[in-house]
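Visitor: Please assemble the complex out of the two chains, which come individually in their own frames, going by the hints.
For the protein sequence lines, the chains are V and U, in the order given.
So in this note's numbering, spot 95 of the first sequence is number 95, and the numbers just go up one at a time.
So in this note's numbering, spot 12 of the second sequence is number 12, and the numbers just go up one at a time.
Just so you know, the hints here were simulated from the structure itself, not pulled from any lab data.
Be aware that a few hints might be false.
Derived coverage of chain V by chain U (criterion: at least 3 residues anywhere in the stretch with Cβ under 8 Å from a Cβ of chain U; other residues may be distant) [claimed, not checked]:
| no. | region |
| --- | --- |
| 1 | 7–20 |
| 2 | 23–33 |
| 3 | 36–46 |
| 4 | 72–84 |
| 5 | 96–104 |
| 6 | 117–123 |
These figures come from a predicted structure and were not determined experimentally.
All C-beta atoms, glycine included, are put in the ideal place defined by N, C-alpha and C.
The chain contents come next:
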Amino acid sequence: MLFSLVKAIAYYIGMALLIGGGILDLMASIGLSRFKSFCLRLHVATVGAIGGTLYPLIGLGLLSLSIDQLGISRYYIAGIAFTTALFLAITAPSGAHALAQSTYKSRTVLPEPITTDQIMEEGERGVNG
Amino acid sequence: MNLMPPPSITYVLLVIATGIFMVSSIQYFLRLLRDPSIPDMVLAIDLLAYDLSVLMVLLSILSSSPYLAIGALPLILWTYLLNIYVSRYLVKRGSGE
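Looking at chain U on its own, in the form it has when it is part of the complex (with noise of 0.2 Å):
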């Protein structure tokens, strides 16, 4: 007894989860363009860097191939970095040194 379903309703699902988080990375990525203060921005580039690393493992699944998916972890990695940036840049640029 099979229970999985045929293949092309996977690929058919994959592809709609593709364009839901690709509709999602156009609005983060309208937010960071029309946003004026640097947390926002800050905001707006982490949701994005996660959207991508979703992006990158989805199509890897797609393409069947590992390669695009290993950029997905140092995307977060950095995405943690330019946070604690941009925290020590506002501490220290709030307290004036």
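Only chain V is shown next, with the shape it has when bound in the complex (with noise of 0.2 Å):
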């Protein structure tokens, strides 16, 4: 009786993730395609990291272990998405500040709107050398 109701709370959760987790990664292609600058988009960008990828990532590991029919290989397919999540949480933020920060110093991209930037400011003034 508890491992059922395990099962199906871990059942419902993971669908929520997952649903929820694709209509956020819908918002995130739409404003991708919308937003003006390269700096916006790139809060798109985690939207669509996070919300549209770890969540459902973690949802579908919690559905694989709930749904009985997979027999053995949910247990291959939870351990995939959950790994996968934790690579994907460690990857994804520190890699959008890589590209953040070599356009900025690069400038390739200006960072668009902008009311101060204190990284100028303290490069003029001999902060950081």
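Guide: Given below as structure tokens:
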């Protein structure tokens, strides 16, 4: 009884994460083509990476654990989904940060809209060498 | 007492989720085709690869086979490598090396 209750809770949480993440991913894909500047699109990419990929992967892991029809392969699929979600949580923010830093340093894309540029001000004052 | 829904409802919901992710992937792909700047292309490729990894796990559940899901993790790591490589390229190009 308790085991079936835990399985049902995992199923419903997993399905909610999957469908909710799909909607967030759809919003991110619309925002990526609608937003004006690269820095704004970087925020949308975070929604797509965390909301549209991390949550669905966790949801898929929970779902596969709760679906009996998958047999023994549900443990493989859940393991892959959780491991991928873990690595995504580590790599996606650092990758986006590296991209933002490099575009700023190389002046490939101007940071717009911007009210104050503290990195440039500190550079002019010689704070960071 | 069975708290789980019938398998047919699960199947329909998984197919709906697959459709949502496919529509998002198509939008990312169109963005990739029509955008000229390198950082925006990398951003679109990132999100396309993330979507593809979710689709791989989804399809492996739908087909009851774990072999398709194995590619999801290398895809995420490859995307990170692409980010780092392009970042280094942009910094080198910007500093005139």
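Visitor: Please go over all the hints and tell whether each is borne out by the structure.
Guide: Each hint tested on the structure:
1. As drawn, the region 7–20 of chain V meets chain U at 6 residues by the rule of a beta-carbon pair under 8 Å; at three or more, the given contact holds.
2. With a threshold of 8 Å between beta carbons, the proposed coverage of the region 23–33 of chain V by chain U holds, since 8 of its residues qualify and at least three are required.
3. Counting residues of the region 36–46 of chain V whose CB lies closer than 8 Å to any CB of chain U gives 4, so the stated coverage by that chain holds, three being the minimum.
4. For the region 72–84 of chain V, the stated coverage by chain U is satisfied: 7 residues place a CB nearer than 8 Å to a CB of that chain, which reaches the threshold of 3.
5. Requiring three or more residues with a Cβ within less than 8 Å of a Cβ of chain U, the coverage given for the region 96–104 of chain V holds, as 6 such residues are present.
6. Note: the region 117–123 of chain V has 0 residues with beta-carbon separation from chain U under 8 Å; the three-residue rule is not met and the coverage is violated.
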